[in-house]
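S.K.: Can you make the complete structure from the sequences, with help from the hints?
Just so you know, the protein sequences line up as chains W and E, in that order. Each step along the first sequence adds one to the number in my numbering, with nothing skipped, and position 69 is 69. Just remember that my numbering sits 237 ahead of the position in the second sequence, which is counted from 1.
Keep in mind the hints are simulated off the structure, nothing from the lab. Glycine residues also receive a C-beta, built at the ideal position from the N, C-alpha and C atoms. Don't take every hint at face value.
Only pairs whose alpha carbons sit at most 30 angstroms apart, straight line, appear in this in silico BS3-like list of lysine-lysine [to be verified]:
hint: 1; chain 1: E; residue 1: Lys529; chain 2: E; residue 2: Lys790
hint: 2; chain 1: E; residue 1: Lys1455; chain 2: W; residue 2: Lys81
hint: 3; chain 1: E; residue 1: Lys976; chain 2: E; residue 2: Lys1102
hint: 4; chain 1: W; residue 1: Lys79; chain 2: E; residue 2: Lys1452
hint: 5; chain 1: E; residue 1: Lys1452; chain 2: W; residue 2: Lys81
For each label pair, taking beta carbons as the anchor points, the in silico distance ranges come out as [unchecked claim]:
hint: 6; chain 1: W; residue 1: Asp119; chain 2: E; residue 2: Val1339; range: 55 to 61 angstroms
hint: 7; chain 1: W; residue 1: His18; chain 2: E; residue 2: Val1339; range: 45 to 51 angstroms
hint: 8; chain 1: W; residue 1: Ser231; chain 2: E; residue 2: Leu261; range: 56 to 62 angstroms
hint: 9; chain 1: E; residue 1: Trp977; chain 2: W; residue 2: Asp119; range: 57 to 63 angstroms
hint: 10; chain 1: E; residue 1: Arg1065; chain 2: W; residue 2: Lys77; range: 30 to 36 angstroms
hint: 11; chain 1: W; residue 1: Arg14; chain 2: E; residue 2: Lys255; range: 28 to 34 angstroms
hint: 12; chain 1: W; residue 1: Asp119; chain 2: E; residue 2: Lys255; range: 43 to 49 angstroms
In case you want the letters, here they are:
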Amino acid sequence: MKENGEMVRLVDVRKTYHMGEVVIHAVDGLSLEIKEGEFAVVVGPSGAGKTTVLNILGGMDSATSGEVWIDGVDISKFKEKQLTSYRRNDIGFVFQFYNLVQNLTAKENVELASQICRDPMDAEQVLRDVGLGDRMDNFPAQLSGGEQQRVAIARALAKNPKLLLCDEPTGALDYNTGKAILKLLQDTCREHHMTVVVITHNSAIAPMADRIIHIKNGRVSRMEENPHPVSVETIEW
Amino acid sequence: MKKRRNVLVKEFFVEVWKTRNRFLSILLIVLLGVAFFSGIRAASPDMRLSADSYYDDSRLMDIQVMGTLGLTEDDVEEIRTLEGVEEAEPAYSADVLCRLEETQAVVKLMSVTGEMNLITVEEGRAPEKEGEIFMDSAFMDTYGYEIGDTIEVFAGDDGDILDTLKQDTFTIVGCGTSPFYLSLDLGTSTVGNGNVEAIGVLTADNFSLEAYTGIYLRAAGAEKEVAYTDAYMDVVDKVKHRVEEIADSRCEVRYAEIQADGEKQISDGEAEIADARQELLDAEAELTDGEKQIADARQELLDGEKELEDSRKQIADGEKQIADGEKELADGERQIASNEKTIQDGRSQIAAGQSQLDAAQKQITDGQSQLDAAKAELAQQEQLLQNQAAEYELGLKAWNDGDAQVSQGEQQTAAAEEQLNAQKPQIDAAREMIVQQEQQLAALESMMQQLRDQIQELEEAGDAADQELIAQIKEQLGRVEEQSAQLQTALTQIREQVAQYDEAVAALAAQKEQLAAAREELTQQKAQLDAAGELIRTGQEQLASARQTLVQKQQELDAAAAQAAASRRTLNEKSAQLASGEQQLAAAKRELESGRTELAASRQKLADGKQQLADGEQEIADGKAELAEKEQELIDARAEFDEKSADAETEIADAEAEIADARKELDDMEMPEWYVLDRESIQSCVEYGQDSERIEAIGNVFPLIFFLVAALVCLTTMTRMVEEKRTEIGTLKALGYGKWQIAAKYIGYAFFSSCIGGIAGLLIGQKVLPVVIIQAYGILYVNLPEALSPLHLSYSLTSLAMAVVITTLATIAACRRELALVPAQLMRPQAPKSGKRILLERVGFIWNRLSFTGKATMRNLFRYKKRFFMTVLGIGGCTGLLLTGFGIKDSIMAIGELQFGEIRVYSGAVTMDEDISEENEEALLRTVENDRDIKEWMPAKESSVDVSFGDEERSSYLMVPSDVEKLGDYVILQDRRTGEKKELTDDGVVITEKLASLLDVSAGDTVTLTSDDVEAEVLVTAVVENYFYHYVYMTPAVYEQVFGEAPKYSEIFLVNDDNSEAFEKELREKYMDMDGVSGVSFTSDVAGYINDMLKSMDTVIVIIVIAAGMLAFIVLYNLNNINISERQRELATLKVLGFYELEVSEYMFRENIWLTVIGSIVGMVFGVILHLFVIKTVEIDIMMFGRSVKPVSFAYSILLTFLFSFLVNLAMHFKLKKINMVESLKSVE
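M.R.: Structure, rendered in structure tokens:
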């Protein structure tokens, strides 16, 4: 079912949580598609269902109903183990709080991911690529927030994933650092022709994306393709 | 304010519920800690309490008094009056042998003692009268006895059983237990094979002993105290002391009593001897009298003989006179006899004549009667003849008549014949006429026939014309028929005439025949008649001649009768002549008779004289015989007397010697001694006490570990809790709550969980553990009826307080740090523990070789130091406990294995009596020498000796081998650590290790030996390995030097090939039977004792294993829980990165495995130390447990630890599965 150049396609995805007697529809009939090599930004207010979408995309959670096509495979019916393999080989994840293992050095954190996947990139190379060539043996505690996030991005990239998912990657960073990180992500997308999905509540960064997906109340309120994305540097917020 | 507080209280309970696992884990670890602390500590007092309860229930004696010379009723009374003696009862006891099917067993008999030492009846009843016995249950079971069976006992030594008992057969009336024996081991004895195998209780009246063997007493107030405690000992010691105080005086009394008894017996004996002497003298005097009497009798006899000679002469004269008279008388008799003969002859002549006469007379009479008979016969013949003649006459007459008749008949016949002959021609004519007439008749007939035929023809023609003719013819016919009828009648008349004639002719012929027959008969009769007439004539002639002869005979007879009458007359004359001759002879006879009477009288006189003489002679002879007899008697009596007096002298001498001996014995008799013993003298009682002490020692060590771990677990758990609640604390603080208000929640949390856990723990611990331990010992102490496990206030309070205080303090410490921070800091997430390089990274060559995961694991291990140490401590504690548990068993086993496998390698020993005679000793040695069952043997001395050094003193065995060179075959002297062999030299002594450590002596020191009041200082040349009892080894030379005399070897050490039970039993019985052998012991006996100890240890080890497992589990589980919750984010990230579940678990397990490995290593070190400590604490003075733990025990401990660790990891795996990845996306709280 893979259409030409298509990487992600969600069809009428719903996710329902039962909180006691209350039923919450975190995602309620959401459909979207992202092409291969695109830099997509998912924006929406708090509670709109951004994170749920990301969880479903990242194989950390499964949809209650609907189809989730990733590179031509419907993962919505995957079992736990298949989902783990999917996460292991196809997904790179960048967290808002970096989630580095404190006890491991920058390089070791990258290795933590690269040692388990099929076709890893060289850990040191990746670290150099993200500009941490000389901080490889530092522990996370010895790195600044931006540097830690770079390590996290390096860790995600090292797995050579099909899809790089970033959850508020700049949420815990200051403005400049945040910009630098977004730049890194945009560059990665362009240079490695990697599909990158960034989730953010900051719609200001939308212009830098190839595709902007607006989510509201668990649905895609608007999805627009930006034929002329701008560089991060030009964006102010 | 109040309302707010309520909110906090409510929040507290919500918190408890939400974190119930944490709450429970604190509760459980505290429970475990408190349970072990209070439970194991309570076990020892509970053991004592249980025993005390049994002792009190059975009113077991507190003190027993035994005297070397026995005890009397007075002693009992005296003891009863002592202060503090509640009651005192005398008792008998004796060790005897009992016959069993194939063997014999030593039975300890005890008398029933009133209200003390009560037996517990399990079956049947207590003995009530003589002949009844109560046996212990074990004996009944072992040897298959039933109530109602009888047992027979006999003395173990040469003595008579009846000296001890009134009878030797008893009926078993019941079985059960005696409080003297808690365990199945009934101790030793000096009889039989030395092992007491049964207890028999019987009433005191069964014993026939002269004095009591013991007195049992109970101290007032002792029952209130718990046995084995100091308080109890104080009470008992006081009374014991008082009894000891009167002991000397009572002993003196007893001594005096026995002395007095002895004296009395001696004086009785002396009196008896004096009596015997007097009897001897009396007998001598009697003999002398007898001799005198015999001399007198002999004189009397001589006098009697002389008198007798005189009388004999007189008698001879008388005899001569009588002989003359007799001659005269004989002549007269002769004359009379000849006259008598003459008369006799005459009389016989007369008699002959008479008989001749009588014969003749008889002949005459006979002749006459013959004659008369002949005459009668003749007459008869005559009559007969006359009758015949008459008959003849009659016959003749009849014949004549017959003849006449016949003749007449013949004449008639002749006349008839003539008539007939005359009639004849007429008849012939008649006959002619008949024929003619018949012819006429026939012509008529045929004419008639013709007529009839004519009629017929006519009639048939039927012609009336003919009728006339017919009638004519018929008329013709009628006429013819009339003619025929006339002719017929005429014919019939003629025929009748002819018939009459023929009849007459026939009758005449018959008559003629008859007549001829009659004539014939007559002729015969005539011949007969003629013969008869001839006979009658000859008969008449014979009768006439017989009549003639008869007349002749009558004449002859008459002549003979006349002759006989003449002869009778002559005979009568002769007979009268003879009668007068006889009268004359009778007169002569009477004369002779009177002469004879006279002679007889004088002869009688003479005979009387002779008789008198004979009597006299007889008397003399009798007198002589009697005299001879008496003389012989006297001689015999003399001989007997001589003999008897010699015997008597010997006897008297013996008796005197005996008395002298008795006196000596009495003089030598030592003052008796009293042994005042308390319950320490009861073997099983003491062993039980020692076991309870051992448990106490374990209780001092083990629970502490649990407590320590519990405290640390609480500390980490609470610290973690406070850390988790950092934001909440900050918020509350920001809201303005005071420090203590906030801390109260956590302190309360810790307090409640530890309090509940502690209370549950002390209940479970004190109720369950002591019972389990006591029951474990129950294998040994089967007679202990019940296990008591009351709650001990002291243990409860201390353990509970400790648990609560420690956890609460740990919580306060955890809270302090957080509470010290300002709210702003608290609101910020706690900086995660930063990673850093560990020491190992500097060691490049190891670090570089580690895989990535290895490195990560190592870093993680050392990152959480608290967790690291906690886990290592928990696991180490687990391994250590296990190792200690197994090690204790190893150590106890080592006693048997090392002591009898490597140190004291001999098989057994034969112990001789102290006063064994030389022959017996030689015999024994010879037997041993020749015994094929015994491989090697060596005499040695083994005795008790007190060894002291400084203030310490211990009693020990002194062993002196007879041959120092050979000692190595029996006992190996070596250093335990180095294994270096030590030599026994004449320089000093070698002592055993435990003794050395107790006295704090080492080689080169000089110790003091005390034995039998001899005190000597000797140099210790070496200290050697030994595990059971203490020994001081010494060469004979040193012994002689120290004690001033050569050692007397009382033991024979043996080495046998066979160590089987049956073999040893046989050997034991063989040697026990020998004189002078007091005991046979085998090293295997001790091995059995050690095995019993091991049995009770098994349960203790199980408890330790379970405890260790629980400890490991709770600690690991708790710490892992904390670890996971602390690192939840990290684990979630790993999952997001695509780690499989197993990989995530592995990531954690790798750390746990390392922790387990490190913990085990630490645990082993800890275990070895703990084991050594426990062993040293637990072991009793007389033994040294093995100091080392076997490799296999290490293996078991480690394997078990890993097993526990694995189980925890398994539980963790499921917990890890539940970690939600979404957690990783959340911001740090």
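S.K.: Now tell me if each hint is right for this structure.
M.R.: So, going through the hints one by one against the coordinates:
{"no.": "1", "hint": "E/Lys529 to E/Lys790", "result": "violated (111 angstroms)"}
{"no.": "2", "hint": "E/Lys1455 to W/Lys81", "result": "holds (14 angstroms)"}
{"no.": "3", "hint": "E/Lys976 to E/Lys1102", "result": "holds (28 angstroms)"}
{"no.": "4", "hint": "W/Lys79 to E/Lys1452", "result": "holds (20 angstroms)"}
{"no.": "5", "hint": "E/Lys1452 to W/Lys81", "result": "holds (17 angstroms)"}
{"no.": "6", "hint": "W/Asp119 to E/Val1339: 55 to 61 angstroms", "result": "holds (56 angstroms)"}
{"no.": "7", "hint": "W/His18 to E/Val1339: 45 to 51 angstroms", "result": "holds (50 angstroms)"}
{"no.": "8", "hint": "W/Ser231 to E/Leu261: 56 to 62 angstroms", "result": "holds (59 angstroms)"}
{"no.": "9", "hint": "E/Trp977 to W/Asp119: 57 to 63 angstroms", "result": "holds (59 angstroms)"}
{"no.": "10", "hint": "E/Arg1065 to W/Lys77: 30 to 36 angstroms", "result": "violated (43 angstroms)"}
{"no.": "11", "hint": "W/Arg14 to E/Lys255: 28 to 34 angstroms", "result": "holds (32 angstroms)"}
{"no.": "12", "hint": "W/Asp119 to E/Lys255: 43 to 49 angstroms", "result": "holds (45 angstroms)"}
Hint compliance for this structure: hints 1, 10 are not met, and every other hint is.
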